[in-house]
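Same order as they appear, the protein sequences are chains F and W.
For what it's worth, our numbering labels the leading residue of the first sequence as 110, then goes sequentially.
For what it's worth, our numbering labels the leading residue of the second sequence as 3, then goes sequentially.
One thing to keep in mind: the hints can contain errors.
[What the hints assert, rightly or not] Some but not every residue of chain F turned toward chain W, in silico, with C-beta under 7 Å:
1) T200
2) R221
3) D222
4) R226
5) G242
No lab work stands behind these hints: they were computed from the structure.
Owing to the predicted nature of the structure, the values given are computational and were not obtained by experimental measurement.
Note that CB positions come from ideal geometry on N, CA and C, so glycine has one too.
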Amino acid sequence: MTESTLQVDLRGRSLVSIKDFTRDEIEHVLATASRLEGHRGTELAGRQIALLFYENSTRTRNSFVTAVHHLGGTLCGFDSAEGTSVQKGETLYDTIQMFSAYSDAIVLRHPRDGSARWAADTANVPVINAGDGKNQHPTQTLLDLYAIRGTQKRLEGLTVAMVGDLKYGRTVHSLSDALAMYPGNRLLYISPSSLKMPAEQLTALREKGVELSEHENLEEVLPEADVVYVTRIQRERMPDETEYEKVRGAFRLTASMLRKVKPSLRILHPLPRVDEIAPDVDSTPYAFYFQQAAGGVPVRKALLWLLLGIGETP
Amino acid sequence: MSSKTAERQYKVFRIENGTVIDHMPHWAARQVVELLGLAGTDSLVTVGFGLQSDKMGRKDLLKVENRELTQQEINRIALVAPQATINLIRNGQTTQKFTVELPLEFTGLARCGNHGCITRAENVPTRFSTVSREPVALRCHYCCFVTRGSDLELL
């Protein structure tokens, strides 16, 4: 542990946006996650975590469930709004007040943008945002950073190519903000012209001194990249079926495109994947998306550990 | 407008006690009348639409007798007329003159422009930080969406 991370204390804090954490705090979470890999214990015995999932989620919810089990805690909550008091018209505010009383921390996924901030402002236990509409998904960003640090041994001086739906892809926006906290990162954005990064965010990143460029050809940027972060282009985002088919082919990563890449290149994807990464990439040494998703468990264990103030890690 | 004409016009509508709101964009006075709830009140209200202005080209001006504005009302004016100047008149004298200035952070006043925002679905008071005073751009505290002047819906 570095001297700076020794001073980090996240007890009682909420995580709504990755920007809520400083670089030192992010480092502290990642270092803690690394120490909790494979850890099974009873540190959360007697403590309850509320998982309030107003929308279905496979990976995020199950990795939180696994994280709580690994630390010996109990769970309450729901995994969809169906059949709960929410369906009877209970407000988010009321639900949050109730679960603040039942639990030691709340993990919230909600279809409305900004719902997690509202919950964190009004709850009296830490709130972890597990996705609020199309806004933020900070625990995904932490596990993305964890995968990058794990494979590249650093989070600075990297060339990171982000591919796909950069306009609506919240994971790309948050990861860009996080990488901008570290010096010397180059961000390459590859997308169809209709799904480019929002101009406002590009301006904000440039103002932070990030070197960035936009491209429409995936193959030509691959040799430079240390990390390729692929995202799914959703059919409903494209103006018509013809355009979707065209774009789907142009931004699809296949094993044959990886002939001239750096040996240390790693390919990440927030999952679920549809067909933007061909199955033949899975068996190359560059594929890292399944290990990346597995990192969600230690990262979420680390968050619970730190926000609930468990103390020294084993 | 020459200073002589300006003086004459000012005298015609001179008020003893109240507030003069000057330097509003052309046609903004209509909105200000509405947001201050002046229509249908007993106050003597004088409105000047499209007056000549060296600084603004055309401007609107509003005089309201026997009415002093609250800070919240001044903030609301700043949303539709970011350059407006407020003159407080007491006993026929201007006792205070200042330009409106939207606070860096505030609650209420406007709706978030993001229809997916939690403030649109539940009874959550809106809360903003000011990204730009002119043109007005407000960042929602909850969903981070930036609402700009022309899309702004006042509360």
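Do the numbers back the hint for D222 (chain F), that is, is its least Cβ distance to chain W under 7 Å?
-> Hint on D222 (chain F): holds, closest Cβ of chain W at ~4 Å, below 7 Å.
Taking the closest Cβ pair, is R221 (chain F) under 7 Å from chain W?
-> holds, 4 Å
Identify whether the interface hint at R226 (chain F) stands, where standing means a beta carbon of chain W within less than 7 Å of its own.
-> holds, 5 Å
Interface hint compliance - T200 (chain F) to chain W, C-beta minimum distance less than 7 Å = holds, 5 Å
G242 (chain F) as chain W interface residue, shortest Cβ-Cβ below 7 Å = holds, 5 Å
Figure legend: structure checked against the earlier numbered hints; every hint is met.
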